[in-house]
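Protein chains in written order, with numbering that gives the first Met the number 0: chain H, 0 to 334; chain Z, 0 to 131; chain W, 0 to 154.
Calculated directly from the structure, the hints in this document are not laboratory data. Don't take each hint at face value.
[Said to hold, decoys possible] In the PhoX-like style, the derived pairs of lysine-lysine whose C-alpha atoms are separated by at most 25 Å in a straight line are: (1) K40/Z - K159/H; (2) K159/H - K18/W; (3) K18/W - K197/H; (4) K65/H - K180/H.
Listed here are the chains, written in short residue letters.
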Amino acid sequence: MATRRIGKSTVRFATPPVIVSAGTVAGPMESRGPMARWFDEVVPDDMFGERTAEKAERRFMGDAVKIALRQAAIQPEQVDYFIAGDLLNQIVTASFVAEDLGAPFIGVYGACSTSVQSLTLASSLVDAGFADLALAATSSHYQTAERQFRYPIELNIQRKSTSQYTATGAGAVLVGKSGGKVRITEATPGRVIDMGVKDPNQMGPAMAPAAADTIFNHLADTGRDPAFYDVIITGDLGSVGSEILLELMQRRGVPLGSNYADGGVMLFKGVRGTGVGGSGCACSALIMEGFVWKKMCNSEIKSALIVATGALLSSLTWQQGESVPCIANAIALQL
Amino acid sequence: MQSRFSSEWHEQEGRCLDYVIAFLVGGAICAIGQALLDLAKMPPAHMLVLFVVIGAILSGFGVYDRLVEFAGAGALVPVSGFGHSISRGSLLEARRLGVIGLFTGAFEFTGLGVAIAVFFSALIALVANPRT
Amino acid sequence: MAEPGAKRHKSDDRAKYQKLASSIVPRPPLARNLAVAFVVGGLICTVGQAVMNAFIASGMTGDEAVGPTLATMILAGVVLTGLSIYHHVGEFAGAGAAVPITGFANTIAAAAMDFKREGYILGMGAKMFVIAGPVLVYGILSGVTVALIKWLSRG
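Between the sequences and the hints, there should be enough to build the whole structure, so can you do that?
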């Protein structure tokens, strides 16, 4: 009998673990948006002075990890597990950072939902007594994601009306039994939902049904109303995807109110050339571990539901004409 | 093509009209490309391939030659003109050299451009890095 | 659990969702895109015409001027790519930048710059034509086929 499980798909932590510290590092485009002041480090050169964008991405994740550890005055040796993932093939950024860190490593992949996926695992390990301190981290980089999923950077390509812009940055969050104000109370891992969207320029519309499914399940499992939370934030649906989500929730009889926002829209509001909003692992990580966590530390937000959305496609399958399987992972943070 | 560019044509008004026609025809071809991207939701690579193939086929019917006569660079600069140039070169050389010309002729008009593209792209890549 | 291999969401559910999504997804600004593609594409061709006229003025015939004109435009496309300018033109003008031969040059130069990080042989060397390749392949396939048919039928 699973004692920490409620409803269909939600985990309620017996002794809610806490966020001990978090580190966020953002790139130049992100620093032009309204969220810039919530990031611990802003790097004006997205190449971080490195020769390749892949190395630069590693620096982003490495710095986020360092900041999180420094804030909590924790040595790398004290970290029981490092749980991380990114968008690159074989989650190679996370593996290189894990080698630097030296802690036992659990590599995870949830595309852009990795931020919540890794935090869920970290919280579970701490709550169940497998670890005292678990560190979750994720990153994405505009250049590495373009190279892997789309085209060379200098190629003449016109953004579509639904295109999103991959966030450059990283977030790391240290989870422990005590020593923090923000408690991780529930987590709802999502189901994979594929509604047949094939256009790689339509990630928001592809992911919206997964977000709706997870939010609906989370609320049903916990018996809560959307108004229970001060904020409900999806990871990276963009303005189009979040509009579809609102419509879907309306149709399911659980309309989301003004406490709903999308991380992709928040990150790049008013930044030219970013399409309908940000995307990528860093998008939800920067919002959750920068903006939300810090506002909760200041008691400006008392409860938050973070729903990180991920498009689980590979460049191979979309070239073969397959649709995009999507997921949304939700986690509830409370003071 | 010969008559179009013979010396009588080198008068001022003639050249002015050249530019206007090149602009209109070239622009129209690009606008068709945009319609394929936005309305037919074609990926850019598919659109370019379609253009190069259509250029080659229209060349076979003699249509593209007439378009080039009429619009000059307006027909040659779009990638459909690239298909036409391959087809035309191939045909001219086949008539001159037979089967071998059919293949060497493919690069008669385009070989220079492709070699330049390779050479200078490699050179540029040595000195320039992609910038976000 | 559905049958192995069967999709949990039946096709009519998917169709219904896609209908809903497409009613919310904004349409591309078609009039703007067409106009910009027309003007920018037209301007690039006008520049091409100027180059061509210059070659003809230097004594070439129309046929002789074709190669050097295309080559000059290709060189311009490569240089503008190296200066990180051409992708902005593409972002602005769509097909107006992609369809002219300068756009073809851009695909080669952009790939060369991007993939050199994976080495000059297997990166830049192998992947330079990753986008331009199909244009060359189908250009040659269709061009040679058309020429063959025409040559055989009329000699």
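* If any of the earlier hints don't hold here, list their numbers in rising order. => none
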